[in-house]
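Heads up: the sequence shown is residues 1 to 224, going by UniProt numbering.
Among these hints, one or two may not hold up.
[To be verified] Simulated crosslink set (DMTMM-like; lysine to aspartate or glutamate; CA at most 25 Å straight-line):
id	residue 1	residue 2
1	K65	D42
2	K15	D42
3	K65	E100
4	K78	D131
5	K111	D42
6	K78	D42
7	K65	E14
8	K65	E181
9	K111	D26
10	K111	E220
11	K65	E120
12	K78	E181
13	K15	E181
14	K111	E100
15	K65	E87
16	K78	E14
17	K15	D26
18	K65	E76
19	K78	E140
20	K78	E100
21	K111	E140
22	K111	E28
23	K15	E28
24	K78	E67
25	K65	D26
26	K15	E105
27	K111	D186
28	K111	D131
Keep in mind that the hints were calculated from the coordinates and are not lab data.
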Amino acid sequence: MAITDWPLSERPREKMLQLGTQALSDAELLAIFLRTGIAGTDAVGLARQLLQQFGSLRALLGASKAEFCQARGLGEAKYVQLQAVLELSRRFLQQQLQRETVFTEPALVRKYLSSLLSQEQREIFMVLYLDNQHRMICAEPLFQGTIDASPVYPRIVVQHALRHNAAAVILAHNHPSGVAEPSRADRAITERLTQAMALVDIRVLDHFVVGDAEVVSFAERGWL
Numbered sequence: 001m002a003i004t005d006w007p008l009s010e011r012p013r014e015k016m017l018q019l020g021t022q023a024l025s026d027a028e029l030l031a032i033f034l035r036t037g038i039a040g041t042d043a044v045g046l047a048r049q050l051l052q053q054f055g056s057l058r059a060l061l062g063a064s065k066a067e068f069c070q071a072r073g074l075g076e077a078k079y080v081q082l083q084a085v086l087e088l089s090r091r092f093l094q095q096q097l098q099r100e101t102v103f104t105e106p107a108l109v110r111k112y113l114s115s116l117l118s119q120e121q122r123e124i125f126m127v128l129y130l131d132n133q134h135r136m137i138c139a140e141p142l143f144q145g146t147i148d149a150s151p152v153y154p155r156i157v158v159q160h161a162l163r164h165n166a167a168a169v170i171l172a173h174n175h176p177s178g179v180a181e182p183s184r185a186d187r188a189i190t191e192r193l194t195q196a197m198a199l200v201d202i203r204v205l206d207h208f209v210v211g212d213a214e215v216v217s218f219a220e221r222g223w224l
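Turn these sequences into a full structure, and let the hints guide you.
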């Protein structure tokens, strides 16, 4: 049965318009992006097959071009469209943060960092530079490393913070394992960076660790 033959309340587009995006499953959201299915399978069915094939929505969205285009029902045009959607989402969140006071919008910061880092297969350490009203000046990835670690040098972080004339910073990095729980090394480098920044009168407001389904805040843990 084609989706157009489904009851209106069950069609992904109509369901979204009536109940909002949060009411849709991963497969239903993906089906709206796909628009059409393949022979013998509607768009929702194809979406379910793709999620099963890749293992998760995260894996599908983070797939390489070659992996993505080899999947049945996908191709280069869909890959380009998906990358454009992801980048639009990142830019939207970044522009929101540039207008808002970052320190009072932790949920928005989490969404932004997750959009940037949750798909990365290597550990990326980045810094959000803030002005004296805690609005974001820019976000900059500074270090990247192996799948297990990223070398972080306080001297480099201080240099870049001064270059951007930052009054405060938020630190962030991802755990490619998907587990966001901070390690002892994470806590140690945060302490070193906080001490180094204090010497030039720049505050470290928070350090976020990004995993698959969770973003941990050092400030919320009482570690800053």
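Do the hints match the structure? See the list:
1. K65 to D42: holds (24 Å)
2. K15 to D42: Satisfied, since the Cα-Cα distance of roughly 16 Å is no more than 25 Å.
3. K65 to E100: Answer violated: K65 to E100 is near 35 Å, above 25 Å.
4. K78 to D131: violated (39 Å)
5. K111 to D42: This hinted pair is violated, its Cα atoms lying about 31 Å apart.
6. K78 to D42: holds (17 Å)
7. K65 to E14: The given pair, whose Cα atoms are some 31 Å apart, is violated under the 25 Å limit.
8. K65 to E181: violated (30 Å)
9. K111 to D26: holds (17 Å)
10. K111 to E220: holds (16 Å)
11. K65 to E120: holds (14 Å)
12. K78 to E181: Violated, at roughly 34 Å.
13. K15 to E181: Measuring from Cα to Cα gives roughly 36 Å; hence the hint is violated.
14. K111 to E100: Distance ~14 Å between K111 and E100 Cα, so the pair holds.
15. K65 to E87: Measuring from Cα to Cα gives roughly 15 Å; hence the hint holds.
16. K78 to E14: Satisfied, since the Cα-Cα distance of roughly 22 Å is no more than 25 Å.
17. K15 to D26: Judged against 25 Å, a Cα distance of about 13 Å means the pair holds.
18. K65 to E76: This hinted pair holds, its Cα atoms lying about 8 Å apart.
19. K78 to E140: violated (29 Å)
20. K78 to E100: violated (33 Å)
21. K111 to E140: Holds: K111 and E140 sit about 16 Å apart, inside 25 Å.
22. K111 to E28: holds (21 Å)
23. K15 to E28: holds (9 Å)
24. K78 to E67: holds (12 Å)
25. K65 to D26: holds (21 Å)
26. K15 to E105: violated (29 Å)
27. K111 to D186: holds (21 Å)
28. K111 to D131: holds (20 Å)
When held up to the earlier numbered hints, the structure conflicts with 3, 4, 5, 7, 8, 12, 13, 19, 20 and 26 and fits the remainder.
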